[in-house]
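**Q** Letter by letter, the chains look like this.
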Amino acid sequence: MTRPRPTPLPAAFLQSRAMLRPRPLMPEHVRLLLQALIDARSCAELTEARWELLLRAARAARLLGTVATRVEAAVPFAALPVFVQRHLAAGRVEARFRRQKTLHLLATIEPHLRATGARTILLKGAACIVEGLPAAAGRLPADVDVMVPRRVLDGLEQSLREEGWEFEKNDPYDQRYYRAWSHELPPLQCAGQALELDLHHAILPPLGRLRADTEALFASAVAIPGTPYHALCPADQVLHAAAHLFQDSDCTGRLRDLVDIDALLRHFAATNADFWPTLTERARHHRLLRPLWYALAAARAWLHTPLPSEIVAWLAREAPPRPMRALFGALATRTLPPLDPDGAPALRDVIAGKLLEARAAWLRMPPPLLAYHVANKWWRSLGSTRAAAAGD
Amino acid sequence: MLIAEVAPAQLRGELAACGVAIDCGAARVRVHSDVPELADLLRVVYRGYERSDAAGACDVAVRLRRARGLRRWVRAQVELLIDGSREMEPFPADTPLPLLEWGMNYALATRLNCHLLLHAGVVERNGRAVVLPAMPGAGKSTLTAALALGGFRLLSDEFGVVRFGDAHLLPLLRPVALKNESIDAIARLSPDAVIGPRFPKTHKGTVAHLAPAVEHVHARHTPAAPALIVFPRFVAAGGVEIQPLPRARAFARLAVNSFNYEIVGPDGFDALGRLVAASDCYELRYGDLTRAVQHIGRLLDAAAARG
Amino acid sequence: MPHDDRRYAAAAGVRVLDFGDEFVVFNPLSWDAHLLNTAAAAVLHLVAEAPRTEADLAAFLREVLRDEERDAADQHARQLLLELAQLGLVRSVEEGSGADR
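Top to bottom, those sequences are chains B, E and D.
Mapping to my numbering: the first sequence position 242 is 242, numbers consecutive.
Mapping to my numbering: the second sequence position 118 is 118, numbers consecutive.
Mapping to my numbering: the third sequence position 22 is 22, numbers consecutive.
You may find that some hints are simply not true.
[Claimed, not checked] Okay, the calculated beta carbon distance ranges per label pair:
id, chain 1, residue 1, chain 2, residue 2, range
1, B, SER159, E, CYS18, 55 to 63 Å
2, D, ALA55, B, PRO172, 34 to 42 Å
3, D, GLY13, E, GLU89, 53 to 61 Å
4, D, GLY13, E, ALA302, 35 to 43 Å
5, D, GLY13, B, ARG150, 35 to 43 Å
6, E, PRO266, D, THR38, 47 to 55 Å
7, D, ALA55, E, VAL256, 34 to 42 Å
[As the list claims (entries may be wrong)] What the simulated footprint calls covered on chain E by chain B, stretch by stretch (three residues with Cβ under 8 Å from a Cβ of chain B suffice, anywhere in the stretch; the number is not a length):
id, region
8, 83-90
9, 106-117
10, 213-227
FYI, nobody ran anything at the bench for these hints, they're computed from the structure.
Backbone N, C-alpha and C fix where the C-beta goes; we use that ideal spot for every residue, glycine too.
Please take these sequences and the hints and turn them into a complete structure.
**A** Dropping the structure here:
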């Protein structure tokens with residue numbers, strides 16, 4: 001039975017239900033950063049003082065590489081002030097480094113991945129880089145994320161460790177936490193590798209309140225031509241980013257993740273004819289409608305991602321209750337952007353960050369496990385404080 | 001107007017409000033602080049720098065402030081924010097200048113990836129650079145200071161800033177950090193040298209800062225062409241011993257002793273290659289500063305004559 | 001020994017600095033710098049000019065090595081290729097397709 005078509009809503013109502021508004025009085029460094037991301041050509045008009053603030057904020061948000069790429073494509077480089085050229089060049093250099101290190105790491109572990117005989121899915125930055133997506137340009141990944149089926153994970157871990165890969169976190173509690181309750185192993189390091197390797201068997205914690213259909217993720221994965229790897233299908237890539245942004249993270253200074261989502265949406269909308277219907281359909285299947293809602297609403301409000309009218313209508317229809325939206329909007333507003341490079345974080349923003357962190361933990365684990373985890377963290381932090389005090 | 005000429009109260013006010021911009025050559029740093037003693041310290045060790053327009057664009061802003069909460073009063077500390085974020089451990093409140101200087105080093109080392117940054121002292125004479133890479137126990141800063149006081153122009157005691165492309169050395173001029181016995185050695189070598197107060201309890205021992213000469217401050221936007229690379233090694237009461245070093249070895253040792261060689265990739269490889277190819281490379285063991293300075297002068301003249 | 005007919009070429013982006021007796025090479029994948037001696041650098045230079053077989057390289061080495069080492073030219077060629085390949089500086093090239101491995 002088809003659902004009745006919704007009656008058209010007044011524009012004002014649509015706006016309020018379809019957006020997560022940024023705080024009206026936005027700090028200057030945030031405004032500049034968003035403006036540069038949305039329309040890099042506008043940077044040609046900036047004064048030196050504004051440039052300085054923009055560049056320092058971009059670096060703090062780990063978006064300097066992205067800003068550099070967009071500005072250099074829009075504004076003649078030679079016309080820029082010399083100190084601006086310096087920082088854009090630095091951003092470009094840093095992004096190039098991260099890209100090369102990603103490719104180097106993958107080349108090094110490729111024989112191990114092939115040996116599993118299973119489909120290997122690259123996630124997040126690694127996928128964007130190997131696929132050559134526009135979202136990759138200027139990215140600064142901190143690690144390389146790879147997903148394999150659960151059944152081959154132990155063997156893969158074993159063969160990597162024999163090759164010299166080691167866990168950074170060797171604490172038995174952390175090890176147990178990761179293996180039992182998380183969707184990934186603790187990060188792996190290797191001499192000669194600048195980045196860490198995160199091996200996943202799912203994209204969300206298995207005991208959390210939100211879970212994606214891992215089998216569907218693997219089944220719909222798309223082969224990346226010229227490589228032995230797969231990537232999540234376009235809709236799943238967006239959903240992964242959305243889930244990661246607002247659920248599986250603490251949301252502080254994560255503007256760069258929203259920038260990724262915006263870039264993915266723009267690219268897939270332009271290259272895949274049925275991207276939007278597939279997106280909402282997959283979200284329903286994976287039960288990730290709520291994270292998708294927040295991601296689309298935030299991307300539209302902050303980065304002006306163009307959304308087709310049926311999606312805007314969908315946002316209005318599926319909006320969470322008003323108090324939830326208001327609370328979430330306020331929290332996100334305070335914690336998505338980078339800290340003010342000229343100040344210290346306001347107490348309110350710190351609390352907001354902590355609240356979101358708590359929420360992410362709440363979503364990651366059922367209550368009894370959460371209590372244990374929190375108690376354990378607190379106990380161990382007490383231990384380290386005591387040790388530090390003794391050594392003082 | 002030079003920083004030394006600004007009235008103390010005025011400087012304190014500016015530090016607390018809009019900040020004071022320090023132009024080091026390859027970068028500009030804005031310093032903010034609510035710690036009153038810092039103004040007096042800056043007036044000594046940054047005496048030759050112009051009090052440049054604080055509103056002019058800077059590459060990084062650092063804020064030195066008294067710690068919050070209990071640590072403001074009990075075993076008082078000062079902390080350093082770099083572009084709003086606290087990335088270093090606080091220091092005891094009676095060592096503000098060492099914290100500022102080390103913090104500025106860290107801030108610059110992470111932000112200037114548009115150049116290759118070697119961990120080296122650099123001086124210049126007649127347009128040609130001497131690069132002194134830092135090895136543990138080498139006495140790099142002491143030797144760099146002695147050269148700066150012995151007729152060479154100081155570019156930096158910490159950063160060898162190598163420009164991509166032509167591999168010229170760019171000044172990143174800051175006070176020279178002297179430690180322990182070096183402080184006396186330099187004071188003896190040059191009684192007119194302006195050295196800031198001693199800070200006895202830092203994690204590197206006693207630290208004091210040598211103010212760069214006014215002429216060197218004026219020249220901080222003038223690059224220098226590569227000519228000589230000297231790996232120094234201080235051996236107390238030893239004579240001067242000079243050994244040529246194969247260029248490939250010099251390359252390897254410089255790459256390993258760099259702040260950002262791994263990050264800059266092919267541009268760094270090319271720039272370092274050009275720097276080494278254009279330079280005579282030596283190891284220098286010395287026990288006496290004056291003689292070391294003389295020998296380096298001769299090596300530089302020889303390199304210039306050849307090149 | 002089985003005759004290796006494969007051709008080898010330098011990886012794209014390899015850069016070499018000639019410092020006389022020693023050579024410093026840029027590895028375009030790992031961004032490491034490697035120190036090579038004259039023989040290794042010469043072999044790298046040859047495969048950078050054009051893809052070569054192991055036999056080509058052995059012939060070259062036979063000409064430049066000292067008398068007593070000439071007989072070992074085949075072995076040297078094989079060893080050098082192996083090491084350079086392990087470092088990622090050299091790759092074997094498919095005949096005709098020009099594609100990698």
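**Q** Next step is simple, just say for each hint if it's right about the structure.
**A** Results for each hint:
1. A beta carbon spacing of about 58 Å between B:SER159 and E:CYS18 agrees with the range 55 to 63 Å that was offered as a hint.
2. About 56 Å separates the C-beta atoms of D:ALA55 and B:PRO172, a value inconsistent with the hinted range of 34 to 42 Å.
3. The hint said 53 to 61 Å for the Cβ distance between D:GLY13 and E:GLU89, and at roughly 41 Å that hint is violated.
4. A hinted range of 35 to 43 Å holds for the C-beta pair D:GLY13 and E:ALA302, which are about 37 Å apart.
5. For the pair D:GLY13 and B:ARG150, the beta carbons lie near 38 Å from each other, so the given range of 35 to 43 Å is met.
6. Evaluation of the 47 to 55 Å hint for E:PRO266 and D:THR38 yields a failure: the beta carbon distance comes to about 24 Å.
7. The hint said 34 to 42 Å for the Cβ distance between D:ALA55 and E:VAL256, and at roughly 38 Å that hint holds.
8. Coverage of a stretch by a chain is defined here by at least three residues with a beta carbon nearer than 8 Å to that chain's beta carbons; for the region 83-90 of chain E and chain B the count is 3, and the condition holds.
9. Taking a C-beta to C-beta cut-off of 8 Å, the region 106-117 of chain E contributes 4 residues in contact with chain B, enough for the three needed, and the coverage statement holds.
10. For the region 213-227 of chain E, the assignment as covered by chain B is violated, since 0 residues bring a beta-carbon within under 8 Å of that chain's beta-carbons and 3 are needed.
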